[in-house]
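So the number in the working numbering is just where the residue sits in the sequence shown, counting from 1, plus 155.
FYI, nobody ran anything at the bench for these hints, they're computed from the structure. C-beta atoms are modelled at their ideal positions from N, C-alpha and C, and glycine is treated no differently. Don't take each hint at face value.
Simulated crosslink set (BS3-like; lysine-lysine; CA at most 30 Å straight-line) [to be verified]: (1) K254 x K239; (2) K195 x K392; (3) K239 x K392.
Label-pair distances were calculated between CB atoms; the ranges are [said to hold, decoys possible]: (4) I179 x D361: 47 to 55 Å; (5) V372 x L183: 56 to 64 Å; (6) E232 x D361: 46 to 54 Å.
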Amino acid sequence: MRTNFKSTRKYHGKFLSKIIIMTIILVLLFTVFLLSKFTKNLNKTLIDISTSEITRVTERFITERLNSSIFNNTKLEDILILEKNSQEEIIYVDFNLEKAYQVLDEVSNVLTNSLDNLDSGNVSVAYLDEELSHELGSMVLSIPIGNSFNNLYFYNFGPRIPVRINFIGSVLTNLKTKVTDYGLNNALVELFVYIEFKTQIMSPFDTQEITLNYDAVIASMMIEGEVPNLYGGTIEKSSNIYQSELTE
156 MRTNFKSTRK YHGKFLSKII IMTIILVLLF TVFLLSKFTK NLNKTLIDIS
206 TSEITRVTER FITERLNSSI FNNTKLEDIL ILEKNSQEEI IYVDFNLEKA
256 YQVLDEVSNV LTNSLDNLDS GNVSVAYLDE ELSHELGSMV LSIPIGNSFN
306 NLYFYNFGPR IPVRINFIGS VLTNLKTKVT DYGLNNALVE LFVYIEFKTQ
356 IMSPFDTQEI TLNYDAVIAS MMIEGEVPNL YGGTIEKSSN IYQSELTE
């Protein structure tokens, strides 16, 4: 009888030990799952915020540099080739390839130097704030961990996580022109530069390459003429791509 009691107690002890071990394992697995999900959500938030912030900063920075360049109506007239029919309607638009290449070369130099300066921190303090700074030759964005909760009330909650941002590869540019009807017997001619470059975003959990691109107006002018209804009131044309390497 005493032996049976000892055996039963021993059996219950082993069973309880197994329950405890299984409970610990389940808790650990559940904790790992929650940490993995939280880290994944946090990393996505860090990448999204960093992409949005670097797009905002680069657009402002580059636009200011391009606006301070020497483009004017005379240059625009030299770059574009416009043809009209006997009714003074604009039927064709193209680029003077030699002039367009010169402009792209100048624009690409401005962009490359601007991005190199932005990357190395050689910019006005107006571009830096509590969240964006420069450390060890790269931009650093400090994002509060509360952003991962997707709740406005927790936006500035918790410690800040540093995310490094570097420009890599090449700057791709090409010219785009748009001729649009603008009032009676007038047309607006706009010259855009298409800009494309890559950034490397390095969070503590992952590294991703993001491609940024946008159009910037560098010149415009009014001319006499109309765009035929056949073209829907707008004629567009793009030049060839021009590439310049960013400094490593």
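Which earlier hints turn out false for this structure, listed by number in ascending order? Of the numbered hints, 2 and 4 do not hold.
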